[in-house]
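> For reference, the chains in residue letters:
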Amino acid sequence: MSFLNPAVLFGVLLVGVPIAIHLLNKNRIQEIRWPMMKFLRNIVKRNEKKLRIEDLILLICRCLIVALLALAFARPTLWFGGGTLISADPVAAVLLLDVSGSMGYGNGVETRLDSAKKTALEILANLASGSSCALYLVSDQVQPLIPRPTTDMSILRKSILNTQVSERGSDLSEGVQQAATLLKSLPDGEKEIFVITDNQAEAWKGSRKIQKLVEDNSGQIAFKFISVADRVEPNLAVTQMELEGGVAAVNTPLSCRVAVSNWSGQAAANVRITLSADGDSPMNETVIPSIPPNSSQTVILEVKFRDPGYHSLTATIPPDRLPYDNQRAVCLQVVDESRVLIVDGTPTADPVDREGFFLAQALQPVPKDKIADYYLKLVRKGPENIPLDNLGQFDSIILADVAQVNAATTSAISSYVSSGGSLMIFTGPNTERGLNFWQKDSHMLPLLPAKLLGVVDAPTDKKYITLQTKGYGHPVVSIWNDPQNGNFGEVKYARHFSLEPVDVPTLPANVPTGEARLSRVQSILDFSTGKPAVIEGTFGLGKVVLFASTPNTSWNTFPIHPAFVPFMQRLLGYLSRRFGDALIVSPGQTFIHTVPTEFIGQNFFVRRPEQKNSNLAGKIEEGTHGGVVRYRDTGAAGAYALFMGEKKKPFIVFASQPDPRESDLSLVDSKELDAVLAAAKVSEEKLGQVSGKTGHRLSGTPHELWVYFIVLAFLLAIAELVMAHRFSMPK
Amino acid sequence: MAKTENEGSPGLLDPDAVSRGEALGILARLVVEGYRVGEHRSPFQGFAIEFAQHREYAMGDDPRHLDWKVIGRTDRYYIKQYRQDTNFVAHVILDASESMDYGSGKITKMHYGKALAACLSYLVLKQRDASAVALIDDEIREYMPRTDNLGKIHHIMDRLAAYPPKQKTKLGQCLLDVARMIKRKGITILISDLLDDEETLQQGIQRIRFAGSEVIVFHVMDPAELTFPFRGTVKFIGLEETGVLETAPADIAKSFRQEVEAFCGRVREICERNGCHYVLANTATPLAETLSGYLVFRKKSVA
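Taken in sequence, the protein lines are chains R and D. For what it's worth, this note's numbering labels the leading residue of the first sequence as 1, then goes sequentially. For what it's worth, this note's numbering labels the leading residue of the second sequence as 1001, then goes sequentially.
Treat the hints as calculated values from the structure; they're not laboratory data.
Below, a list of computed lysine-lysine pairs in the DSS-like style, where the Cα atoms sit at most 30 Å apart:
#1 D/K1235 - R/K50
#2 R/K462 - R/K492
#3 D/K1166 - R/K38
#4 R/K45 - D/K1168
#5 D/K1126 - D/K1299
#6 D/K1166 - R/K45
Construct the entire structure; sequences and hints are all you get.
Structure (structure tokens):
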């Protein structure tokens, strides 16, 4: 048995208190001259022995109570299934301390990290004299707190005590790798790696890599794995939060999709979700009646913003024992207007016959007298009079079945998109006529997420080609997975272009390329044949959406289908949020934002999650395309707001979103773990004994005994009370 | 009923007061006269007066003196005549041993006993009978021989007041010695805490009874001796060199009270067996109450 709070053992000395009281009472004697000594002697003689025994019993009880309480506070711990832990010889060791988000799970008394820190301190305390140790903090990254083994145990202890849990994901393999590499670089001698973790399955996703490391270093490095959790704990978490719907404009309802996951064996009932903006009090809430075990439920909450600019939205569920994942934030830019350029392929036609007619109705679905107040402003132009010198004024450009455009236009559009603009391209009869342009133009071709192979007519026997009726994976069309919203099955196509998606390398999701090339091509909507009907691609900082058919009814009935208006609204909203990924970082990831050059050198302030005030965070640096804001301290999940000087409105906001997989507290599969431990030549031995040279498994499951000590002390106190009462009755 | 010393003369039973003979005398007078000795027959009357002869009843004689035995035998009315010129002697024996020097309050058993002895002496002398007073511990320390002169009461009070208790008790032996000094029938009043061997005590009492004297025992006890109210750890230092004992009184209080009760019971039984009156005199009880209580009882029992 060991003690997690050995310093408190000095409290056992308090056992002397009842003894001292007993002796003091004996010294506090009054003297009385007494005539009836004969009577007294007889009685005392008869009762003396009994009185002494009673006194002794009570004294022992009181001493035991004090001793039990002192021992309880010292946190006695048994390590079950244990193995031997510490070598008797000096070692060069590396302590890997898991500081991932799951280590913040608390049992009401302490968190898993608190328990891990105590274990780490105990390891340090038991290292043989002359040992040295390094300390690495492991999450989904490795932070070498003390990169090389040191004999300065006090700095190690201090570092351990000051360690805080991060809100990052977990992956032990990289930490084990770095530790093994470090120890191999040291001179020969006893070498040990201690991995203190909660054995979360997510942390062990690299178990094969760890197993290989253990095998490769067998005989040279002893690997010891200690778990501070021995069972799966339930957890509720907000695991997803996304904006959806149309453009985020002032006074326009904005939908926010929130997913809550229930990682437990029992259903979670009546889970309340609140939605608040900019750290203010909740503006919307709902209750999920039930979330089945080990599953998620999604709700959609609506908000409205009165002011344009950058805002944050935070979804929160009631607190539980792992607090950091009970809320999730997302950031957005709310605009007071959005400008869209529709380039009609045949501008001279009757307005009703122009290609962009249905698009205009869909994008401004309000009565004519309300159009002036509507946030979305449309500009209709022909291919020859596109305002090339100021394309940046438009949030989106739609080429509605344009046969071709000149080189200057193509170049301007290419620059526009690569700089962050959104381009929608509808095909049709004009496109068919100008197919050569669309298939070969050197400026336009790189923009297209798919090649236009040729026109496909509906088979004569079936008369029409239809769209997919289920399995809508893209965020734009995901709401049609709900049968109540209908589906696209009734949209009929007589003709369409055959689109062949361009094969491009997949780049990381959160990193805008900034380069003028196509990346991240994905289908938005498919035909029932499986071929893409609407496809998107990322070009530079902007997006291109290519439609296989017309924006009007000449080749298909989509523009007159009830889903067309919401589809176009959602598509526009999706495109407007193309920078949304840039407003999300993982905890610990540096947030980078470009600002105009005139702000270089100025101070910026940051308001962190859960804080009311902003604090000085740094200076705006010079970057390649202007000023650059870099902010590194994003370890806490939630919404951050950056301010310039004394300004009250933030110039940018971003959200630190933790990895949702970290909220799943499932333990590593025992077969995986056993494989690693077998590689380490595990043997089951009792903890507390001196180890040999082979790696030993630490069942590491500490079983704290303080509760039993408290219960014993309580029972003893009751017994003492009862006995004292009985003994005090006159004899 | 006279006011008790606590009501009429609050200082008289004060330890300092009792140490002064004059105050003792005043107390005695107050107590006794408060009993209206002058208005009622002395409770000691009729018992110490010797029978002389019978004469035939004549109109006007006190019917209380009718001898009913003679009437029963002879069917004729005769009264008893007494030798009225014979006074009885009351021997007041006061235990002045060290154990009497205990008191849980302001008043000790000694103070109480002295006051009681003074009252009884005064009562007897007031009714023109004789009183002798003996102070005893392990022997008869002081003996004031019989006197029927009320004026001598001051001398008796002074001697009582001045005597300091300091020796051990040999009560039984002293009673035997007193018994040898008793020449005629009378009353022997023993005022003591009776903390001596019960066998020798009984022998002493029996000897006095054999000598023809009535015995009245005033068993003086302090309330603490009866209730044993002590708490905490106490070092008991025995009076009369009976040693030292340290104990927790609360643990044995019940047993102690039972022992004392049994002791009082045994002593009472000794007295009753030998035809003596036994009076438990708790020093917490006002003296006048104790004395008048006994005198009323005595009057009823003698009548």
